[in-house]
Amino acid sequence: MSRLAKILVLMFVFLSPVLLMAQDIASMTGVVTDSSGAVLPDVSVTLVNTKTTVSYEAKTDQQGIYRFANVAPGPGYKATYNLNGFSTFTAVDLYLQVANTRTQDVVLRVGSASDQIEVSGGSSNVTLNTVDATIGNNFDMKMVNDLPVQLRNSPQVLFNLQPGVAGGAVTGARVDQSTTTLDGLDVNDIAAGQSATTGAGTSNFQIIGGAPVDSIQEFRGVTGGQRANSGSGSGGQFQLVTKSGSNQFHGNLNEYHRDTSTVANDWFLNNAGVPRAALIRNQFGGNIGGPVLKNKLFFFFNFYDQRIAQSQNTSRVVPLDSYRNGNVSYILNGCAATSRQNTIPACIGSLNPTQVKAMDPAGIGFSPVVQQTFNDRYPRANDLTGGDGINTGLFRFTTPTPDNSVNYVGRIDYNLTTHQSVWGRFTINRRNSTQTLVQFPTDPVTHPFVDRSYAYVIGHTWQIGSNKVNSFQYGDNISKYNFPTTFNPVGTNEYTFGAQSAGSLLDGPYSDQSSQNRRVPNPQFSDAFNWTIGSHQLIFGGSFKFPKTNSQLVGDFNTAKIGLGGNVSQLNASLRPSDIRTAGTTGVTTYDSAFALALGRVGEIDSNYNYDNQGNVRAQGSGAVRAYRFYQTELYVGDNWRITPNLTLDYGLRYQFYSVPFEAQGLESVQNMGFDQYFAERMAQSAAGASGDSSVPFFVYQLGGKANHGPNLYSPNYKDFAPHFGFTYSPSWDRQTVFNGGAGIIYDRTVINAVNFVQDQSSYLFQNSASTLYGSGGPVNSLRTDPRLGANLAIPAPPTAPAISKPFTPFVDGGTPFGLATSQFNTAVDPHLKDPYSIMYTFGMQHQFPQSFILKMNYVGRLGRRLIAQADSSQLLDFPDKASGQLMSTAFANTTQELRAGADYTTAKIQPWFEHVVAPGVGVANGYDSNTALLVDTFGSYIQLGDFTDFIQQLASFGLINSNVGMASQFAENTFITNKGSSAYNGVLVTLTKNTSHGLQFDVNYTWSHSVDNTSLIANSIASSLGVGFICDARNLRVCRGNSDFDITHVINGNFVYDLPFGRHRSYGANAPVWLDELIGGWQLSGIPQWRSGLPWATRTSAYVAGYANNAPAIFNGDTAAVSAKLHKTSSGQLQLFGDQAKAQGSFTGPVGFQIGSRNNLRGPSVLTFDAGLGKTFALVPEKLRLQFRADFFNVLNHPVFNTPTAANSDINSSTFGAITSMITAVGPRVGQFSLRLEF
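Using my numbering, read the sequence shown as starting at 1 and increasing by one per residue.
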């Protein structure tokens, strides 16, 4: 055991009462003065929870300040202030909010000690924060119950109603940098590594085990100004607390119902004439809490059941009728690239079955297997605005997505003494839903999701004297997820129909067969110790967690590319109609894919294999089983120093140590080099113009990890010390104003998330792949001799699983690397990986206005450093021609511009690099005037697109260049998880709160912000699977620095609850008889309005520069007015973002050499939604039993909330560039919900 580990263990043993962290607590402070404003020391203050009789005691110091720390949050507190010679002062009905400090200043008047003056603290009213610089809002559950919440299984939708939250990202942090706790227990999905999923500007915060709305007492979100005792991660801190029992029985029964009659139709379904999807949702349950032993033992139990019978809208790209009937269509020469059958049919030519057969070098023609699959498996297109419009269209349909779950929450609280209490809580969640939609509507449920998660936690709170409080707890949060595949008629084979360089012509005949399951216990200790010494409030604490991630990932299948693929990426002129459009790439690309698929050519078979720890090949489809172990230790110390009644300093130091994960079965491998070492060697090799098999070193994998007594995945980080400083100042001349600010460093745990995910996905020695690439002698010979799809989608035998020795050098045979030539991908963890961190700084002002208004204005800044980012060590590097001095990029860029200007292989200028570095003389040997002519004729589509890496890969594939020219030859793409990410955020956060008065309370949040980074990809994603998200060029980390994916300039949201002033004891009808009060009284309005500006999105080009899997953004060279959002419906029925698609498309060009465009420089549509609720309460038994009816409508205005263009519609070469084809699912069309609640 290392010295540091021993020290940490000793600290845990001897300091456990003050070691760990709890945040499910509240605090209260204030200044006691006399009527002249002079502070009063030595005032006795008693705080009593009237619901459980638990009491706390404190005295004011020499500055008249008192403090209560580590108090259970909730309503019903009473504070009593006593000092000889002054009247006793009592504040009643105080609500102490979780993770917040209530400021309750008091003025004592001279008088008899027997006098009593009572004031009401109201409900959970917001008070000025005079203690620290944290930024955020609290929600008590009365407010949550009164607001329209569509899904009652969690209050997480309301997390977005915090200043600085945009689509799950909080004040510039990614979604995997935030933390959610329930009763102090970390409830984040530690396997997925994120507190929220995000997309299209909306978010779904995750809570393992669930936390139904009716089980929660309240929650608080902190979006800036985090203290030293804040939880893991530099993003948002969301703290929830479960309800407890009290001396009175209380509870409710409830039913929330929605059905199809109250749901509006999706805009796109309306546009396509498809009826609205079925939606019947019932959420019901109840809870009860009360005493077991009065003043001693209390219980609470909540039951929640959800039954959702619903359907979801989706679409698939399917063959058009002409294609199904054996015809292959194309765009005629002289017509626009945007021509489609449904818009300009005169511009579409077609080969009939006889002509297809005549064009087929093998003389077979349209494959009967492909045609039968088209007609038996694929539905007919019902939306002709989708697909390429030439051979493919869209089939839109609705499919059932049932979602049923049951959740149980129970809690026990026991007062051991007047100063000690213990409590315990359990949660059980049972859910069955649909994870992925079926491929076609006739398929059974294919990918269900089964959740069997549960959690438990126990805690102990001890008030030690009048100035010390300790809270300890232990718990475990067990996520148990299963994502099986239940419909798999093709066994271990998968199919890509119409393979293209990016994507495919059609959606596959069957859905992806991958599956996974995981069980991840996360045992954890937590505790906080507060010690008030004079004007100092000292805090000590931390946390210790030891998660165990156990998983199975099944992805060992064979993937057959039907059509193009292998060594044939495009056809040549002899295989195309003579009247086809040749200008640009759209016409020939779509035709080549469609024609090759029609023939049923098998272009490529890629197979994945798993191995056991002895190197034996496991049966395909059995998956990879992993069990990772690690622990997380966090310690902190802080001081909240009330220097004067007006000035408070808050400072502290946090330390974290996360051990390096290791695979407990020894299924762990590590490579011999890090990114920087390898990349530096490649830079030197390329600059020198050196090539050959040994010109750069090979990556070699060996056994690693603790179980193998081998090296760690990366070196542990022992120096993660994070200081924090903050202040609050309230001028003596204006006690209604508070200035605050602070700065600090906050470390993240996303390294762990990245490692777990990557190691589950890729681990040499235990996973490998092999490929069979068909195609030799050019496209004509390939179509003549390559295998074709057989009956029942039969394919040739897959490649043999490669043998693995230890150590293992992947994709090297006889000293010759071949990974580039065969398009092999790899993912690795950089051995020099460090924990990411953020430098955060805030400054703000609060002011309390008359009429119960509080305004908070804050500036928040963030500098993200060492962020997790994926970089390709095999990326393209410039390479010189020693003979002429011309660079590879110069030759490629010159030819790209020539072809875009209309040149062809007969007129393109000779480029020395092509003549000298590409196999000298190969052009003449194949009947061309030069190498340049050969390359332009054979790979012209890549060159014209600016697709630099695919061009180099093709040269390597055909053996036309030496090893390691331009790209590393061992892997076509070698992703490293690195710390090369960085970000910067600046935001102004404004919150206006109206505390409850005259029946009205509301919050209004406005955020103006700008976030930039060089990649926004979260740690548990693989960029190569997405086509974007890499560091664009590891030589210059700022190449793709631009708007963050989640950057939203303006966000306005709010919430309000208004008890209408009608009925008895109200402003109107105060003396109404009972029957009239039943009609006009008890009505309530509530709502959640939200508006935000558009999300950024990036153009794509189907050109990959400099990484082999990173789709380069287009170069903007037009008028900004042409690309501004002007959403409209075209004459063809397509929803188009741009006012003039042709002008917008013409404002961009593809990459030229290494030059690419800006990332995320376009904006999508803005979003406006309004959720509204109307409630009526009937007092069945006054003060004891009431019945509430509610009608809630979500997106009540039915304002369409459109997504940004998809990846396909972001491609400047696409005829559908700028088209929007979906709505934001999380918002959707209007939904009505009706409910009944019986409360007692």
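Keep in mind that the hints were calculated from the coordinates and are not lab data.
Watch out, some of these pointers could steer you wrong.
[Stated by the list, open to error] Under the rule of at most 25 Å between Cα atoms (straight-line distance), these lysine to any residue pairs were calculated in the SDA-like manner:
hint: 1; residue 1: K78; residue 2: N125
hint: 2; residue 1: K1126; residue 2: E1183
hint: 3; residue 1: K51; residue 2: E1183
Structure-based check of each hint:
1. K78 <-> N125: holds (15 Å)
2. K1126 <-> E1183: violated (55 Å)
3. K51 <-> E1183: holds (16 Å)
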